[in-house]
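Chemist: Line by line, the protein sequences are chains A and B. First residue of the first sequence? That's 0 in numbering that gives the first Met the number 0, and the numbers climb one at a time after it. First residue of the second sequence? That's 0 in numbering that gives the first Met the number 0, and the numbers climb one at a time after it.
I should point out that these hints are in silico values taken from the structure, not numbers from a laboratory. By construction, the Cβ of each residue, glycine as well, lies at the ideal position given by its N, Cα and C atoms. Hints should not be assumed to be uniformly reliable.
[As the list claims (entries may be wrong)] Quick list of the computed label-pair ranges, beta carbon to beta carbon:
1. B/Arg331 <-> A/Val219: 48 to 58 angstroms
2. B/Leu317 <-> A/Gly167: 42 to 52 angstroms
3. B/Ala4 <-> A/Gly40: 34 to 44 angstroms
[Stated by the list, open to error] Covered stretches of chain B (chain A as the covering partner; in silico rule of three or more C-beta atoms under 8 angstroms from a C-beta of chain A):
4. 99–111
5. 226–235
[As the list claims (entries may be wrong)] The list that follows gives simulated cross-link-like pairs (lysine-lysine, PhoX-like), each with its CA atoms no further than 25 angstroms apart:
6. A/Lys110 <-> B/Lys463
7. A/Lys75 <-> B/Lys14
8. A/Lys70 <-> B/Lys346
9. A/Lys70 <-> A/Lys11
10. B/Lys14 <-> B/Lys334
11. B/Lys349 <-> A/Lys108
12. A/Lys11 <-> A/Lys212
13. A/Lys31 <-> A/Lys124
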Amino acid sequence: MSLLTIENVSYKYSSTTKNVLKKVSAEFKSGKVHVIMGKSGSGKTTLLSLISGLDNCTDGAINFDGNPLSKIDRDKYRAESIGVIFQGYNLLTNATAVENIVLSMCISKTKEKNKKKVAYMLLEKVGINKETADRKVLKLSGGEQQRVGIARALSHNPDIIIADEPTGNLDTDTEENILSILTSLAHNEGKCVIIVTHSKKVASVADEVWGMKDGNLTLVK
Amino acid sequence: MYIIANAIKNIGRNKGRNTLMAIIVFAIILTTAVSIIINTTTSAIIADYKSRFGAEVSIETNFEMLQSKNVAEGYKKLTPQQQIDFGRSDLLQSVNLLATIDISPRKLSSLSESEMDNFISNFLSGAIRADGTKNPETVPIKGRIIAMDNLEADRDFKNGTRKIIGGEMYNNLNECIVSQQYAELNNLSVGDTIEVDSYFKNDPMTHSLTITGIYMDNTMLGSNLESISSMENRNNEILTGFDTAISMEMFTGEGRVSAQYFLKDPTLLSAYEKELREKGLADYYNVVTDEAGYKKVVGPVEGLAKVTNTFLIVVLILGSMVLILLSTLAIRERKYEIGVLRAMGMKKGKVAFGLLTEMLVITVLCLMLGLGVGLAVSQPVADNLLSNQIELAAESNNSNGGLSTTGRTGIGAPTFSSDAKPLSELQVSLSGDAITQIIFISLVLAGISSIAGIMYITKYEPIKILSERN
Ligand SMILES: Nc1ncnc2c1ncn2[C@@H]1O[C@H](COP(=O)(O)OP(=O)(O)OP(=O)(O)O)[C@@H](O)[C@H]1O
Ligand SMILES: [Mg+2]
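Excised from the complex, chain A in its bound form (with noise of 0.2 angstroms):
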């Protein structure tokens, strides 16, 4: 059963006349890595920003598990349910990277007794060292800082983790590395995988691909 089911969904910003997605439908499944590739300004950010519960769709539904997330407390399935690494990172610039993860953690109410000791475990496993952990997010490179990212949609241990371009920033070294972690999250912990990317080699990992033009979503492969 699909974990996460879109079903005709427009959005338009508030600020604009025109539709950005529409009536795009779609499934995603546990255990699957699932890769969206379009254009620039096609809708991607868009459509992940509806499915990590950021804002609710203008027409259409997004049901997560069977619920519609309009029902469900979105608040909850963000900081619970959904890891998201965002295009733009979103960290706390002022914290440093390992308070940023623990942060999430402490938000997610994550039963781990030492918070701190995982977070640097997450970061380390991104290729962050402890050094660069402590420091603040302000004063790391922009990989450094998706990695961080990274870390931290994974530190609570979410059943759904998105990526806006994770690999934007990386080299092929850490951008195999990033890959690897992804896909073993879904198929070996069988979490639900949505990857966003403009990269061949991201997508030749993918179970399933589609394809966003002009906020129109297909299934690819």
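Chain A is already provided as a structure; the job is to place chain B with the ligands on it using the hints.
Modeler: Positioned in the frame of chain A, the structure of chain B with the ligands alone reads:
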């Protein structure tokens, strides 16, 4: 709770912004603390002054009205009974009554007896009045009965020019005390009974009084006792209770009353006047408070309170405006932070709580510092302001020509004490009331500083917060 921990960390994370905020909050709290500390102290002083002294009322003849012939013909002096009645009012804080009766004890000698005594009585005794009737025949006045209902108001005993040196103060009806000199002259001692008589030759209206005490009398020290009459020699004064005096037969005709009325609060004047009119006070009497006296004493302190009050209001208004402006500007920075927290799934309430906690911690730090520094500087500030106020008051007094009204009714009232000096010292202290007020204002400030952020949190959805930045 992690939100509080995060809020505290956040203070350090945004040093620049928070330092600026803290400086402003500190400045506001400091000035607020100083104003409130001075204010609560002054209002305590004013309240204390009011409760202790009230405000003296005087009943004055309106001489302008007396110029009209009709009024002048109907003019009546206040009777002793009226003066006593006027003192029976709930609006009064206290009443001092003093009765004076001229006497001429037949069986007792008086100090300074001389030909002069005869001169006055000869002049009046049996004289024909304008309307053709005859004055009653009299004998020389040789002394006085002085009766007070409130011994506290007796200035001579208060400042020590008179002092009980034998026996005790009169307490019951028909008890009295006499001066040491008078006792020696007449060979009197405690326990003796004396007879006092009126100065009417044929109607002595004799009244007996028991001596309970002897008082030392220094009121005549330094006067030339050779050249005064026995009426003027205060050693001859027989002191007794007010009730005793008014119960004497001779009081009815010849007794005089002098009264001092003190209102609980100067603002009760018109209510008190209404009461007096209902009791039959004629129109040609004005009822006024001794405002000059009250102003002289309390004025500077009230002026000080006014200055600090105005100051407080100005500081609070300006300070709040600056805080609101500053926090609105800071929101540009905070917006992103709020968006991130919301995107991470933190609930609106918790984000707001974090924001408030942050501001509260800053405020509490400023509060402790401001309270300490405020207490330290408010004494010199108060001293300075108060001496300014006293100078100002002195200047305006001089321009009044220094005229002061006394609040007495009746004549011949030499012995009330009410020479008040302006309150020139103000011991500033931090009362619980002041602390409560300062804490309350600090909390309001913390609220004001967080308002912009909280409004933002409640209004916006995370997607907008994030997309606006990206
Ligand atoms: N807050 C906003 N208000 C109005 N329009 C917006 C807003 N955010 C995005 N858009 C518009 O919506 C459309 C889709 O934007 P979106 O960010 O979803 O594109 P994208 O596919 O993620 O592009 P990219 O590959 O460049 O990230 C674009 O035309 C964009 O200009
Ligand atoms: Mg995008």
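Chemist: Quick check: do three or more residues in the segment 99–111 of chain B have a beta carbon closer than 8 angstroms to a beta carbon of chain A?
Modeler: Check failed, 0 qualifying residues.
Chemist: Take a quick look at whether A/Lys70 and B/Lys346 sit within 25 angstroms of each other, Cα to Cα.
Modeler: holds, 16 angstroms
Chemist: Has the given pair, A/Lys31 with A/Lys124, been kept, meaning a C-alpha gap of at most 25 angstroms?
Modeler: It holds: about 21 angstroms lies between the C-alpha atoms, which stays within 25 angstroms.
Chemist: The segment 226–235 of chain B covered by chain A? Criterion: 3 or more residues, Cβ-Cβ distance below 8 angstroms.
Modeler: violated (count 0)
Chemist: Keeping to a limit of 25 angstroms between CA atoms, is the pair of A/Lys75 and B/Lys14 held or broken?
Modeler: Answer violated: A/Lys75 to B/Lys14 is near 31 angstroms, above 25 angstroms.
Chemist: Taken at face value, is the distance from the CA of B/Lys463 to the CA of A/Lys110 at most 25 angstroms?
Modeler: Between A/Lys110 and B/Lys463 the Cα gap is close to 31 angstroms, so the pair fails against 25 angstroms, i.e. violated.
Chemist: Given the hint of 34 to 44 angstroms, check if B/Ala4 and A/Gly40 actually sit that far apart at their C-beta atoms.
Modeler: holds, 41 angstroms
Chemist: Measuring from beta carbon to beta carbon, are B/Leu317 and A/Gly167 in 42 to 52 angstroms?
Modeler: holds, 49 angstroms
Chemist: Starting from A/Lys11, check that the Cα of A/Lys212 is at most 25 angstroms away, please.
Modeler: Holds - the C-alpha atoms of A/Lys212 and A/Lys11 are around 16 angstroms apart, at most 25 angstroms.
Chemist: Between B/Lys349 and A/Lys108, is the straight-line Cα distance small enough, at 25 angstroms or below?
Modeler: Answer holds: B/Lys349 to A/Lys108 is near 13 angstroms, not above 25 angstroms.
Chemist: Hinted pair, alpha-carbon criterion (25 angstroms max): A/Lys70, A/Lys11. Please report holds or violated.
Modeler: Roughly 20 angstroms separates the two Cα atoms, so the pair holds.
Chemist: Could you tell me whether the CB distance from B/Arg331 to A/Val219 stays inside 48 to 58 angstroms?
Modeler: violated, 41 angstroms
Against the hints set out earlier in the document, violations occur for numbers 1, 4, 5, 6 and 7.
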